[in-house]
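**Student:** Listed in order, the protein sequences are those of chains A and B. Mapping the first sequence onto our numbering, position 470 (from 1) lands on 470, and the numbers just tick up by one. Mapping the second sequence onto our numbering, position 196 (from 1) lands on 1196, and the numbers just tick up by one.
Heads up, some of the hints might be wrong.
To be verified - Simulated coverage check for chain B against chain A, where a stretch passes if three residues somewhere in it have a Cβ under 8 angstroms from a Cβ of chain A:
1) 1139-1147
2) 1150-1159
What the hints assert, rightly or not - Lysine to aspartate or glutamate pairs mimicking DMTMM-like chemistry, simulated, CA-CA at most 20 angstroms apart:
3) B:1049 / A:219
4) A:100 / B:1185
5) B:1177 / A:219
6) A:223 / B:1076
7) B:1078 / A:235
8) B:1111 / B:1100
9) A:223 / B:1093
10) A:467 / B:1093
11) B:1078 / A:120
12) B:1111 / B:1093
13) A:223 / B:1048
14) A:233 / B:1065
Hint data in this document are derived by calculation from the structure and do not stem from the laboratory. No experiment lies behind these values; they were computed from the predicted model shown. For glycine and all other residues, C-beta sits at the position ideal for the given N, C-alpha and C.
Listed below are the residues making up each chain.
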Amino acid sequence: MALAPTSFLHPLWAFGVPIAASFPLGWMMARSLDPKEAKAGKGLDALPMFLCRLIGRKTPVKMSWKDYCIALLAFNAALFVITFTLFYVQQHLPLNPDTKGSLGALGYKDSAGVQHDGVDTGVVFNTVCSFVTNTNLQHYSGEQHLSYFSQLACILWLMFVTPACGLCAMLAVLRGLRGDSHMGDFYVDLMRTVLFVFLPFCFVIATLLIASGVPMTFDAAAKATPLDGVAAKMEAQTICRGPVAAIIAIKQSGTNGGGFFGPNSAHPFENPTPWTNLLSVASIVALPMASMVMAGKMLRNARHAAVLYGVMLTLLITGTSIAIWAETAPSAATHGLPVVAEPNMEGKETRVGPVASATWAGMTSGTSNGSVNSMHDSLNPLAGMIPMSHMMLNVVFSGIGAGFENLFIYVIVAVFLAGLMVGRTPEYLGKKVEAREVKLAMLVMLIHPVLILAGAALFAAQPFGAKTVANPGSHGFSEILYEFTSAAANNGSGFEGLGDNTPAWNVATGIVLLLGRFPALVLPIALAGFLAAKKRVPETTGTLRTDNLTFAGMLIGTVLLVGALSFMPAVVLGPVADHLVALK
Amino acid sequence: MIRQTVHALLACVVTLVICSVAYPLALWGLGTALFPHQAAGSLIYGPDKTTVIGSELIAQPFASDKYFVSRPSAVDYKADAAGGSNLGTKNPDLHAKVKERAEALKATPEKPVPADLIAASGSGLDPHISPEAAYFQADRVAAVRQMTVEQVKSLIDTMTDKSGAVIGAPPRVNVLKLNLELDKETSAKPKETTASR
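Could you build the full structure based on these sequences and the hints that come with them?
**Tutor:** Below you can see the structure in the form of structure tokens.
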């Protein structure tokens, strides 16, 4: 397909629609999630209060940061135990018209290529870790291994409540930064986010998706007799379907990304038209963007929130533009063959095309969504580097709530660095940033690169990792690096050629997923708690301003400096080397 | 400690009922009532109205010369095990596969094959090809069906879906629908006995 000039209209829409939507959405989120004390429990807000009474909590509690973290972690622990059990026994549960077996009985191939059948709890552990952490890394394939019951009761449920947990954590941090005496009530926040943000948003999106062709049925797979079946040696085609639309809506809008089908949004049933493609890519970033507008409202400091929003947007637009540029080049695989010199189409869909595929790759990796509409493994090397870099930085909007928390850590470090430069005690939003806060911020910041680099180094050096790659040379190393980056950033996309359903991969990435999520979720709440307890210092002319372009530059510099220092060598060994070889 | 656990477990039950029971059931009801065709997977039925030929959205393989071929599939068009090849651009296997596909389609430096016809799709089930990829096959199909190339090309043009150009959508042709339309056209002529199911 020759690249039509109109293709380049897609990125304009893909950025324009969610940016325009983020302002009204953010305003509504601030109003419904953080109502004034006098209005709490009145009107529509009576509904979440009622649900809280159902679970035995009569009145909202004023939680300290410790109480808030404990409640959040307890809820997540319960999620873990319940979904682990349900996956394990799915063959005994209802809503299984295609009679799928236990997820644990999947079996795997070891590094020598020998198939092992029977019970392997590794994949169950990995799947539960992956969905509890809002990551949706998938070492199984949805349409092959999960019953409709598991898709609904485990996957769909976790897709709603885990981004809600991220948003709750963000609410707590914002209340701390605002100087509230308490962090709010976790369970009230949880019910509000599910009822007022995710459910209505997804209901609208899902209805549009069904109208465009995304299935929503509980019938078993359809048996088709293909038109040219005899000559093409396919007498019957089993067409898997299911309650897809319900899952796709929240998959996109909750920064989840786990597909109903193996190939995710490249599958025509998840993403049947260019219109659903735009709707999906817009809903990937809409709520993360809206949460930044919400932050401005809640902090009563729109200028500071605009700086944070602008920094994230700048990084996202830059990265995505590079990906589009790199992906409109022909594939190296067609060199010297009688093929029209046009963009790389391996792993892409015709109705989506190369520009929209590259746009999606940039956006899904920035936002910790991780759904894909093309196979990232087959992207041109430099285009494949962009999703990886976005996940390494982990602050390009990132997960709902989680992205703000990550950037908050960088803000603390940037403020500290700026303070050192001018020789003043650093301050942030009127609170002194001292040794304890900076130490905590450094700890959170170091976890991410350590998980990625140590994991990738170990697996690249050992046969249980090195022998699972599907492509030779530096591209194989990229596969390993991408998998760990995706796990640590709680993204969930992959260079899917990797044979990652082995006990080693399942256990290692499972642990990385947990360590990538919970410290980065809970420690910022603690940090905000520390800051909230401090006395507000009056603003003077010498105070470092955090709401102007200078600070935006300082913040981008900090993010890129830390990112480059941590990851540059690994990136050079992977996609950059791959690109240089392809030039030969 | 016990209170925390009880609250967490009860919150699980409440959210589970809302998110996994109420929400999908409401959508299913709405979808089945308003959009029954799409909700069931956009299936295409044969003349007897009960046999499923396929889905508008799912590619199927075509091997006879009288049909336009779909894009290559890394999973042999298995709609219960979809997937892409995941081969990197510098993988020698991919180069070999592209070469083999180009040869099978009789591409020459004078008549190079469009890139979407030699590259496996992301899902392995891409129902579309580009209009250029359809033109590329027009000579062969026209010869077998005893139609003129212009007739075939004009059919391609009428079947080309250009919707969404304003949001950057590439023009595309649905292979199954195009082939069904071809069968309809040629079976209208008395001489032809094409197998139309």
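**Student:** Does each hint hold? Answer for all of them.
**Tutor:** Against the structure, the hints:
With a threshold of 8 angstroms between beta carbons, the proposed coverage of the segment 1139-1147 of chain B by chain A is violated, since 0 of its residues qualify and at least three are required. Beta-carbon proximity to chain A at under 8 angstroms applies to 0 residues in the segment 1150-1159 of chain B; the threshold of 3 is not reached and the given coverage is violated. Between residue 1049 of chain B and residue 219 of chain A the CA atoms are separated by roughly 18 angstroms; this keeps the pair inside 20 angstroms, and the hint holds. Distance check on the hinted pair: residue 100 of chain A and residue 1185 of chain B sit about 43 angstroms apart at the alpha-carbon level, beyond 20 angstroms; violated.
Of the supplied pair hints, the one linking residue 1177 of chain B and residue 219 of chain A is violated, its CA atoms being roughly 24 angstroms apart against a limit of 20 angstroms. Taking the CA atoms of residue 223 of chain A and residue 1076 of chain B, the gap is near 16 angstroms; set against the 20 angstroms cutoff, the hint holds. The suggested pairing of residue 1078 of chain B with residue 235 of chain A holds, with an alpha-carbon distance near 12 angstroms, which does not exceed 20 angstroms. Between residue 1111 of chain B and residue 1100 of chain B, the direct Cα distance comes to roughly 16 angstroms. Compliance with the 20 angstroms bound is thereby established for this hinted pair.
The straight-line distance between the Cα atoms of residue 223 of chain A and residue 1093 of chain B is roughly 33 angstroms, outside the 20 angstroms bound, and the hint therefore fails. About 17 angstroms separates the Cα atoms of residue 467 of chain A and residue 1093 of chain B, which keeps this hinted pair within 20 angstroms; it holds. For a cut-off of 20 angstroms, the pair hint linking residue 1078 of chain B to residue 120 of chain A is broken: about 26 angstroms separates their Cα positions. For a cut-off of 20 angstroms, the pair hint linking residue 1111 of chain B to residue 1093 of chain B is broken: about 24 angstroms separates their Cα positions.
Using a Cα cut-off of 20 angstroms, the hinted pair residue 223 of chain A and residue 1048 of chain B holds, with the two alpha carbons roughly 15 angstroms apart. The suggested pairing of residue 233 of chain A with residue 1065 of chain B holds, with an alpha-carbon distance near 14 angstroms, which does not exceed 20 angstroms.
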